[in-house]
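*Asks:* First residue of the sequence shown? That's 3 in the numbering used here, and the numbers climb one at a time after it.
Simulated from the structure, these hints should not be mistaken for laboratory data.
Among these hints, one or two may not hold up.
[Claimed, not checked] List time: in silico DSBU-like cross-link candidates among lysine-lysine, alpha-carbon distance up to 35 Å: (1) K82 <-> K219; (2) K246 <-> K219; (3) K82 <-> K48; (4) K136 <-> K7; (5) K219 <-> K181; (6) K219 <-> K47.
All values reported here derive from a predicted model rather than from experimental measurement.
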Amino acid sequence: MEIVKGTAKWLKLRTSRRFAGKTVGFVPTMGALHEGHLSLLRRAKKENALAVASIFVNPAQFNDPRDLERYPRTLAEDIKKLETAGTDFLLLPSAAEMYADGYKYRLNETSESGFLCGAHRPGHFEGVLTVVMKLLNLVRAEKAYFGEKDFQQLHLIRGMAEAFFVGTKIIPCPTLREKDGLAMSSRNLLLEPEHRKLAPALYAELRSKAGPSQVKKRLTALGFQPDYVEERWGRRFAAARLGKVRLIDNVKI
(Lines of atoms letter the chains of each structure in order from A and count residues from 1; the text may use other names and numbers.)
(Lines give C-alpha, C1' and ligand atoms only; values in the text may rest on other atoms or scores of the structure.)
Protein backbone atom coordinates (compact mmCIF):
# COMPACT_ATOMS: atom_id res chain seq x y z
CA MET A 1 0.00 0.00 0.00
CA GLU A 2 1.28 3.44 -0.92
CA ILE A 3 0.59 6.29 1.49
CA VAL A 4 0.08 9.65 -0.20
CA LYS A 5 0.32 12.70 2.03
CA GLY A 6 -1.17 15.82 0.53
CA THR A 7 -3.53 16.66 -2.31
CA ALA A 8 -0.86 18.00 -4.71
CA LYS A 9 1.10 14.75 -4.61
CA TRP A 10 -2.12 12.78 -5.00
CA LEU A 11 -3.32 14.72 -8.04
CA LYS A 12 0.02 14.20 -9.77
CA LEU A 13 -0.14 10.48 -9.01
CA ARG A 14 -3.77 10.18 -10.11
CA THR A 15 -2.93 11.39 -13.62
CA SER A 16 0.09 9.10 -13.94
CA ARG A 17 0.35 5.88 -15.95
CA ARG A 18 -0.16 3.87 -12.78
CA PHE A 19 -3.88 4.62 -13.01
CA ALA A 20 -4.20 4.46 -16.79
CA GLY A 21 -6.97 2.12 -17.89
CA LYS A 22 -7.65 0.93 -14.34
CA THR A 23 -10.93 1.16 -12.46
CA VAL A 24 -10.84 2.67 -8.98
CA GLY A 25 -12.97 1.89 -5.93
CA PHE A 26 -12.92 4.49 -3.15
CA VAL A 27 -13.74 4.36 0.56
CA PRO A 28 -13.55 7.70 2.39
CA THR A 29 -13.09 7.38 6.17
CA MET A 30 -12.24 9.40 9.25
CA GLY A 31 -9.99 6.68 10.61
CA ALA A 32 -10.44 4.61 13.78
CA LEU A 33 -11.15 1.78 11.36
CA HIS A 34 -13.20 -1.30 12.20
CA GLU A 35 -14.40 -4.36 10.32
CA GLY A 36 -17.21 -2.35 8.73
CA HIS A 37 -14.71 -0.07 6.98
CA LEU A 38 -12.55 -3.02 5.97
CA SER A 39 -15.51 -4.84 4.43
CA LEU A 40 -16.08 -1.80 2.21
CA LEU A 41 -12.45 -1.84 1.12
CA ARG A 42 -12.47 -5.55 0.39
CA ARG A 43 -15.52 -5.04 -1.79
CA ALA A 44 -13.86 -2.07 -3.50
CA LYS A 45 -10.82 -4.22 -4.24
CA LYS A 46 -12.98 -7.10 -5.51
CA GLU A 47 -14.97 -4.90 -7.89
CA ASN A 48 -12.16 -2.65 -9.16
CA ALA A 49 -8.54 -2.87 -10.25
CA LEU A 50 -7.42 -0.46 -7.51
CA ALA A 51 -8.79 0.25 -4.02
CA VAL A 52 -8.23 3.71 -2.56
CA ALA A 53 -8.97 4.80 1.01
CA SER A 54 -8.74 8.22 2.59
CA ILE A 55 -8.43 9.17 6.23
CA PHE A 56 -9.46 12.70 7.11
CA VAL A 57 -11.11 13.76 10.36
CA ASN A 58 -13.32 16.44 8.85
CA PRO A 59 -13.68 19.41 11.23
CA ALA A 60 -16.55 20.89 9.20
CA GLN A 61 -18.98 18.12 10.13
CA PHE A 62 -18.57 18.41 13.90
CA ASN A 63 -21.09 20.84 15.34
CA ASP A 64 -19.59 20.26 18.80
CA PRO A 65 -15.84 21.07 19.09
CA ARG A 66 -15.58 18.69 22.04
CA ASP A 67 -16.80 15.85 19.84
CA LEU A 68 -14.07 16.64 17.31
CA GLU A 69 -11.46 16.65 20.06
CA ARG A 70 -12.66 13.30 21.44
CA TYR A 71 -12.86 11.55 18.09
CA PRO A 72 -10.46 8.57 18.16
CA ARG A 73 -7.30 8.84 16.08
CA THR A 74 -5.47 5.56 15.49
CA LEU A 75 -3.45 6.09 12.32
CA ALA A 76 -0.73 3.48 12.92
CA GLU A 77 -3.30 0.77 13.58
CA ASP A 78 -5.43 1.97 10.66
CA ILE A 79 -2.53 1.62 8.24
CA LYS A 80 -1.96 -2.00 9.26
CA LYS A 81 -5.65 -2.79 8.84
CA LEU A 82 -5.80 -1.17 5.41
CA GLU A 83 -2.82 -3.18 4.26
CA THR A 84 -4.44 -6.45 5.33
CA ALA A 85 -7.61 -5.48 3.43
CA GLY A 86 -5.67 -5.16 0.18
CA THR A 87 -5.82 -1.37 -0.10
CA ASP A 88 -3.59 0.00 -2.87
CA PHE A 89 -3.45 3.68 -1.92
CA LEU A 90 -4.14 5.67 1.23
CA LEU A 91 -4.76 9.40 0.79
CA LEU A 92 -3.99 11.58 3.82
CA PRO A 93 -5.03 15.17 3.07
CA SER A 94 -4.62 17.97 5.60
CA ALA A 95 -7.31 20.36 6.82
CA ALA A 96 -5.29 23.27 5.43
CA GLU A 97 -5.47 21.71 1.96
CA MET A 98 -9.08 20.61 2.13
CA TYR A 99 -10.23 24.01 3.35
CA ALA A 100 -7.72 26.34 1.70
CA ASP A 101 -10.70 28.59 0.94
CA GLY A 102 -11.47 28.98 4.64
CA TYR A 103 -14.68 26.97 4.13
CA LYS A 104 -16.24 29.85 2.17
CA TYR A 105 -17.55 27.45 -0.44
CA ARG A 106 -19.80 24.70 0.83
CA LEU A 107 -22.62 22.41 -0.28
CA ASN A 108 -26.05 22.50 1.29
CA GLU A 109 -29.11 20.28 0.78
CA THR A 110 -32.37 22.07 1.54
CA SER A 111 -35.00 19.33 1.82
CA GLU A 112 -33.91 16.07 3.44
CA SER A 113 -31.04 17.22 5.65
CA GLY A 114 -33.21 19.07 8.16
CA PHE A 115 -34.67 16.07 10.00
CA LEU A 116 -33.28 13.01 11.80
CA CYS A 117 -29.59 13.77 12.52
CA GLY A 118 -29.83 17.07 10.66
CA ALA A 119 -32.31 18.42 13.20
CA HIS A 120 -29.94 17.69 16.08
CA ARG A 121 -26.56 18.48 14.49
CA PRO A 122 -26.73 21.90 12.79
CA GLY A 123 -24.28 22.19 9.92
CA HIS A 124 -23.32 18.52 10.07
CA PHE A 125 -24.53 17.46 6.65
CA GLU A 126 -23.26 20.65 5.07
CA GLY A 127 -19.81 19.63 6.26
CA VAL A 128 -20.29 16.03 5.13
CA LEU A 129 -21.49 16.88 1.63
CA THR A 130 -18.76 19.48 1.14
CA VAL A 131 -15.91 17.18 2.12
CA VAL A 132 -17.29 14.19 0.22
CA MET A 133 -17.62 16.27 -2.95
CA LYS A 134 -14.01 17.42 -2.54
CA LEU A 135 -12.82 13.84 -2.01
CA LEU A 136 -14.81 12.50 -4.96
CA ASN A 137 -13.28 15.19 -7.15
CA LEU A 138 -9.79 14.33 -5.90
CA VAL A 139 -10.03 10.56 -6.26
CA ARG A 140 -12.21 10.38 -9.39
CA ALA A 141 -13.17 6.79 -8.72
CA GLU A 142 -15.61 4.71 -10.73
CA LYS A 143 -17.30 3.62 -7.50
CA ALA A 144 -17.38 4.89 -3.91
CA TYR A 145 -18.63 2.72 -1.05
CA PHE A 146 -20.69 3.88 1.93
CA GLY A 147 -22.27 1.93 4.78
CA GLU A 148 -26.01 1.90 5.43
CA LYS A 149 -25.52 2.55 9.15
CA ASP A 150 -25.26 6.24 8.26
CA PHE A 151 -28.28 5.89 6.00
CA GLN A 152 -29.30 9.56 5.90
CA GLN A 153 -25.73 10.46 4.99
CA LEU A 154 -25.71 7.80 2.26
CA HIS A 155 -29.05 9.05 0.94
CA LEU A 156 -27.82 12.64 0.74
CA ILE A 157 -24.48 11.75 -0.83
CA ARG A 158 -26.18 9.64 -3.48
CA GLY A 159 -28.57 12.50 -4.24
CA MET A 160 -25.71 15.00 -4.39
CA ALA A 161 -23.71 12.84 -6.79
CA GLU A 162 -26.71 12.54 -9.11
CA ALA A 163 -27.60 16.24 -8.91
CA PHE A 164 -24.07 17.39 -9.76
CA PHE A 165 -23.38 14.73 -12.42
CA VAL A 166 -20.49 13.30 -10.45
CA GLY A 167 -18.96 10.46 -12.43
CA THR A 168 -18.62 8.21 -9.39
CA LYS A 169 -21.32 5.63 -8.66
CA ILE A 170 -22.32 5.57 -4.98
CA ILE A 171 -22.53 1.98 -3.71
CA PRO A 172 -24.57 1.26 -0.53
CA CYS A 173 -23.24 -1.53 1.70
CA PRO A 174 -25.05 -3.35 4.55
CA THR A 175 -24.35 -2.43 8.16
CA LEU A 176 -21.91 -4.74 9.92
CA ARG A 177 -22.63 -5.58 13.55
CA GLU A 178 -20.85 -6.96 16.57
CA LYS A 179 -21.98 -10.39 17.79
CA ASP A 180 -24.38 -8.73 20.25
CA GLY A 181 -26.04 -6.67 17.50
CA LEU A 182 -24.39 -3.29 18.09
CA ALA A 183 -23.68 -1.55 14.79
CA MET A 184 -19.94 -1.23 14.22
CA SER A 185 -18.80 2.36 14.69
CA SER A 186 -15.58 4.20 15.47
CA ARG A 187 -17.40 5.89 18.33
CA ASN A 188 -17.92 2.54 20.08
CA LEU A 189 -14.30 2.86 21.23
CA LEU A 190 -15.37 5.79 23.41
CA LEU A 191 -18.12 3.94 25.29
CA GLU A 192 -17.62 3.35 29.00
CA PRO A 193 -17.72 -0.39 29.89
CA GLU A 194 -21.19 -0.19 31.45
CA HIS A 195 -22.51 1.72 28.45
CA ARG A 196 -20.96 -0.78 26.03
CA LYS A 197 -22.98 -3.55 27.71
CA LEU A 198 -26.17 -1.53 27.31
CA ALA A 199 -25.54 -0.27 23.76
CA PRO A 200 -26.93 -3.34 21.87
CA ALA A 201 -30.37 -2.53 23.29
CA LEU A 202 -30.63 0.26 20.70
CA TYR A 203 -30.71 -2.27 17.87
CA ALA A 204 -33.00 -4.61 19.81
CA GLU A 205 -35.53 -1.84 20.41
CA LEU A 206 -35.43 -0.71 16.79
CA ARG A 207 -36.40 -4.24 15.74
CA SER A 208 -39.26 -4.49 18.23
CA LYS A 209 -42.91 -4.29 17.20
CA ALA A 210 -43.50 -1.23 19.40
CA GLY A 211 -44.17 2.11 17.72
CA PRO A 212 -41.54 4.87 17.56
CA SER A 213 -42.87 6.82 20.55
CA GLN A 214 -42.98 3.68 22.68
CA VAL A 215 -39.46 2.69 21.62
CA LYS A 216 -38.23 6.15 22.60
CA LYS A 217 -39.80 5.76 26.05
CA ARG A 218 -38.28 2.32 26.49
CA LEU A 219 -34.83 3.55 25.51
CA THR A 220 -35.12 6.35 28.05
CA ALA A 221 -36.12 3.87 30.74
CA LEU A 222 -33.07 1.76 29.91
CA GLY A 223 -30.72 4.70 30.43
CA PHE A 224 -30.37 6.14 26.92
CA GLN A 225 -30.94 9.79 26.07
CA PRO A 226 -32.76 9.54 22.73
CA ASP A 227 -32.64 12.35 20.18
CA TYR A 228 -35.23 10.70 17.98
CA VAL A 229 -36.92 7.49 16.89
CA GLU A 230 -38.55 8.02 13.49
CA GLU A 231 -39.65 6.12 10.40
CA ARG A 232 -38.80 7.29 6.87
CA TRP A 233 -37.83 5.74 3.53
CA GLY A 234 -39.11 2.33 4.66
CA ARG A 235 -36.73 2.26 7.62
CA ARG A 236 -36.80 2.99 11.34
CA PHE A 237 -34.09 5.34 12.59
CA ALA A 238 -32.82 6.18 16.06
CA ALA A 239 -30.13 8.31 17.64
CA ALA A 240 -29.44 8.20 21.36
CA ARG A 241 -26.67 9.10 23.77
CA LEU A 242 -25.02 6.86 26.29
CA GLY A 243 -22.87 9.10 28.45
CA LYS A 244 -20.82 11.28 26.10
CA VAL A 245 -21.25 9.01 23.08
CA ARG A 246 -24.00 9.48 20.50
CA LEU A 247 -25.07 6.26 18.78
CA ILE A 248 -27.15 5.98 15.61
CA ASP A 249 -28.73 2.97 13.94
CA ASN A 250 -31.50 2.03 11.52
CA VAL A 251 -33.34 -1.06 10.32
CA LYS A 252 -35.65 -1.90 7.44
CA ILE A 253 -39.35 -2.07 8.31
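*Asks:* For every hint, state whether the structure bears it out.
*Replies:* Hints and how they fare:
Distance restraint check for K82 and K219: the Cα-Cα separation of roughly 42 Å exceeds the 35 Å cut-off, and the hinted pair is therefore not satisfied. Restraint check for K246 and K219: satisfied, since their Cα atoms lie roughly 20 Å apart, inside the 35 Å limit. Between K82 and K48 the CA atoms are separated by roughly 19 Å; this keeps the pair inside 35 Å, and the hint holds. Our distance criterion of 35 Å between C-alpha atoms is met by K136 and K7, whose separation comes to about 16 Å.
For the hint pairing K219 with K181, the CA-to-CA distance comes to about 25 Å; that is within 35 Å, so the pair holds. Distance restraint check for K219 and K47: the Cα-Cα separation of roughly 43 Å exceeds the 35 Å cut-off, and the hinted pair is therefore not satisfied.
The structure fails hints 1, 6 (numbered hints given earlier, in ascending order).
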